[in-house]
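Could you build all of it, start to finish, from the sequences and the hints given here?
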Amino acid sequence: MPNVDVRYFALFRERAGTDGERLATPASSVDELYGELLPRLGLDPKLVRAAVNGEFVENGHALTEGDEVVFVPPVAGG
Amino acid sequence: MTRFGLTDAPIPARLLDANLAAGAVATFVGFVRNHNEGRPVLRLEYEAYPELAQKEGERIVAEALGRFPILDARCVHRTGVLELGEAAIRAEAAGAHRAEAFRACEWIVEEIKRRVPVWKKERYADGDSGWVNATTPGQAEVTEEAYNARQRGVVDQDRLKAARVLVVGAGGLGCPALQILVGAGVGRVTVIDPDRVEVSNLHRQVLYGVDDLGLSKATAAVRRLRGLNPLIEIEGVEARMSEANAQELVKAHDLVLDGTDRLATKFLLNRVCVGLGKPLIVASVHRFEGQFQVVRPEGPCLECLWTTPPEDGCVGTCAEVGVLGATPGLVGTMAATEAIKLLLDLPVAEGVVIVDLLQTEVRRLRLSRRSDCPVCSASARPLEGLESLEVDATEGYAVVDIREPEEVALVSSGLPHIPLSAWVTPPERPLLLVCASGRRSLALARRLRAEGVEAYSLVGGVSRLKSDASGTKDPA
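Protein chains in written order, with this note's numbering: chain U, 1 to 78; chain F, 1 to 476.
Honestly, the hints are just simulated from the structure, not real lab data.
Computed from a predicted structure; not experimentally measured.
A portion of the hints provided could be inaccurate.
Partner residues are not named here, just some residues of chain F that face chain U (Cβ under 10 Å, in silico) [claimed, not checked]:
1. G171
2. G172
3. A283
4. R287
5. E311
6. V321
7. P328
8. G332
9. T333
10. R364
11. L365
Below, in silico cross-link-like pairs of lysine to aspartate or glutamate (DMTMM-like), each with a Cα-Cα straight-line distance of 25 Å or less [unchecked claim]:
12. U:K46 to F:E320
13. F:K113 to F:E235
14. F:K55 to F:E37
15. F:K251 to F:E235
16. F:K55 to F:E106
17. F:K341 to U:E55
18. U:K46 to F:E350
19. U:K46 to F:E311
20. F:K341 to F:D158
21. F:K113 to F:E83
22. F:K120 to F:D8
23. U:K46 to F:D372
24. U:K46 to F:E63
25. F:K113 to F:E63
26. F:K113 to F:D158
27. F:K113 to F:E56
28. F:K161 to F:D372
29. F:K341 to F:E407
Here chain U is said to cover these stretches of chain F; the calculated rule only asks that three of the stretch's residues, wherever they fall, bring their Cβ under 8 Å from a Cβ of chain U [to be verified]:
30. 350-358
31. 449-456
Ideal Cβ positions, reconstructed from N, Cα and C, are used throughout, including at glycine.
Below, the structure is given as structure tokens:
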């Protein structure tokens with residue numbers, strides 16, 4: 001199980017109640033990780049983009065030990 | 001019609017006819033005063049250059065009708081000899097509400113005093129007389145040299161002056177962005193916003209004050225911005241950006257900055273800007289955080305980031321979730337800085353920039369173009385009402401080879417040839433452009449589309465042409 005650092009922004013910061021946390025996850029890909037977090041984050045996975053180590057990645061992107069994962073929700077305020 | 005008049009008879013007590021839609025008529029009357037700078041005055045004499053004064057006065061009142069949401073306005077200026085207590089000028093502005101009526105009336109009087117050729121001669125009690133300056137004090141002359149003095153050597157002022165920028169939304173992001181762009185001396189700035197100034201806007205929307213409450217944001221922003229930089233053209237459009245006006249507005253500008261709180265508008269602008277080959281900066285804020293993305297026509301674009309355009313309402317707007325005033329102040333300023341860098345060909349932020357004011361952190365997330373992006377990929381779907389930019393066959397088109405002469409010398413296409421470096425648009429339509437790979441021809445086709453020319457690019461370039469040709473040639 002890789003340990004990953006997850007960072008939250010905007011809506012996700014509020015829903016997760018923190019701006020980041022270290023998770024030991026059985027998930028092997030970013031979308032599986034989001035699936036684990038879905039009960040807390042609650043936004044349709046189709047509306048969420050994941051970035052790993054500073055780069056947006058597609059679903060299925062494999063997680064490795066020490067990755068920094070950012071889930072970015074859309075932001076609309078002006 | 002005549003809305004401005006010069007008269008040597010007493011000014012009537014009412015200029016505007018009753019208008020039932022007008023809830024407010026603001027009136028200004030200027031009287032002959034019995035003293036000036038400490039000297040007793042007996043009477044005044046006004047002299048006008050009537051032809052020019054009439055024309056300029058008429059123009060000022062017409063401008064007021066365009067600038068303020070008023071129903072009607074009139075102004076009359078006296079000429080000839082006036083006794084103490086007589087009215088020298090009367091201006092009336094009628095609107096549905098008092099705010100705009102007051103504003104318009106004040107503006108008309110200030111402009112009349114500044115621009116209309118009327119001179120005032122005072123006759124003093126001591127028998128002396130003299131011409132006095134009838135213009136408003138405090139209208140210092142503003143020169144470009146003085147205005148731009150502190151950014152000389154930092155930016156190419158001529159390039160900024162030649163640029164046209166469209167700012168969509170004059171809210172928390174739009175206000176600081178506009179202030180930066182106008183102060184930088186961008187030659188033409190247009191702002192579009194359908195809303196009116198509300199009390200809850202003031203904590204972050206720095207172009208407005210309590211005096212602007214109830215005024216359209218487009219009007220109030222333009223008034224403030226013109227005061228900030230009188231050397232450039234600034235235009236306000238009181239409307240919502242929509243399918244109906246997007247193409248035309250984007251076409252008339254070199255770059256678009258989006259600061260709206262509507263996702264639908266952001267996706268519309270993304271589509272239109274990519275289609276017309278115009279760079280776009282999309283910005284949003286949420287409480288202590290902001291995001292922005294510089295979208296270049298070649299991508300990656302907003303739909304490379306969000307494959308499923310989110311519905312408005314799923315993520316909350318400032319009105320729903322709140323925002324610290326500083327957040328859009330900072331993010332709007334950063335977005336405007338990217339705009340200026342784009343105009344000056346300086347390197348801009350790639351990917352998506354996330355500004356986190358709680359952690360005091362700016363992070364850039366790199367983004368790649370999606371090969372199947374429905375907006376910016378080579379196989380992008382056609383724009384609404386516009387056919388695709390790229391085609392894969394030459395029949396029915398006026399085909400032009402845009403490669404440079406040395407490339408043509410190596411591999412001839414046998415086509416009419418206008419090199420890109422010396423491009424002059426020929427009159428034939430529809431134009432199909434061919435280069436070596438299809439890349440330069442696509443860029444040129446985009447540019448020509450933006451100029452209203454029906455132009456296409458041949459996918460794959462000259463090699464496609466040759467394989468086509470060999471395939472259709474006499475099989476023997």
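Hint by hint, here is what the structure shows:
{"no.": "1", "hint": "G171", "verdict": "5 Å, holds"}
{"no.": "2", "hint": "G172", "verdict": "6 Å, holds"}
{"no.": "3", "hint": "A283", "verdict": "7 Å, holds"}
{"no.": "4", "hint": "R287", "verdict": "7 Å, holds"}
{"no.": "5", "hint": "E311", "verdict": "9 Å, holds"}
{"no.": "6", "hint": "V321", "verdict": "7 Å, holds"}
{"no.": "7", "hint": "P328", "verdict": "7 Å, holds"}
{"no.": "8", "hint": "G332", "verdict": "9 Å, holds"}
{"no.": "9", "hint": "T333", "verdict": "14 Å, violated"}
{"no.": "10", "hint": "R364", "verdict": "7 Å, holds"}
{"no.": "11", "hint": "L365", "verdict": "4 Å, holds"}
{"no.": "12", "hint": "U:K46 to F:E320", "verdict": "23 Å, holds"}
{"no.": "13", "hint": "F:K113 to F:E235", "verdict": "23 Å, holds"}
{"no.": "14", "hint": "F:K55 to F:E37", "verdict": "32 Å, violated"}
{"no.": "15", "hint": "F:K251 to F:E235", "verdict": "15 Å, holds"}
{"no.": "16", "hint": "F:K55 to F:E106", "verdict": "20 Å, holds"}
{"no.": "17", "hint": "F:K341 to U:E55", "verdict": "23 Å, holds"}
{"no.": "18", "hint": "U:K46 to F:E350", "verdict": "23 Å, holds"}
{"no.": "19", "hint": "U:K46 to F:E311", "verdict": "12 Å, holds"}
{"no.": "20", "hint": "F:K341 to F:D158", "verdict": "14 Å, holds"}
{"no.": "21", "hint": "F:K113 to F:E83", "verdict": "20 Å, holds"}
{"no.": "22", "hint": "F:K120 to F:D8", "verdict": "14 Å, holds"}
{"no.": "23", "hint": "U:K46 to F:D372", "verdict": "16 Å, holds"}
{"no.": "24", "hint": "U:K46 to F:E63", "verdict": "50 Å, violated"}
{"no.": "25", "hint": "F:K113 to F:E63", "verdict": "15 Å, holds"}
{"no.": "26", "hint": "F:K113 to F:D158", "verdict": "32 Å, violated"}
{"no.": "27", "hint": "F:K113 to F:E56", "verdict": "11 Å, holds"}
{"no.": "28", "hint": "F:K161 to F:D372", "verdict": "38 Å, violated"}
{"no.": "29", "hint": "F:K341 to F:E407", "verdict": "33 Å, violated"}
{"no.": "30", "hint": "350-358", "verdict": "holds (count 5)"}
{"no.": "31", "hint": "449-456", "verdict": "violated (count 0)"}
Violated hints, in rising order: 9, 14, 24, 26, 28, 29 and 31; the structure is consistent with all others.
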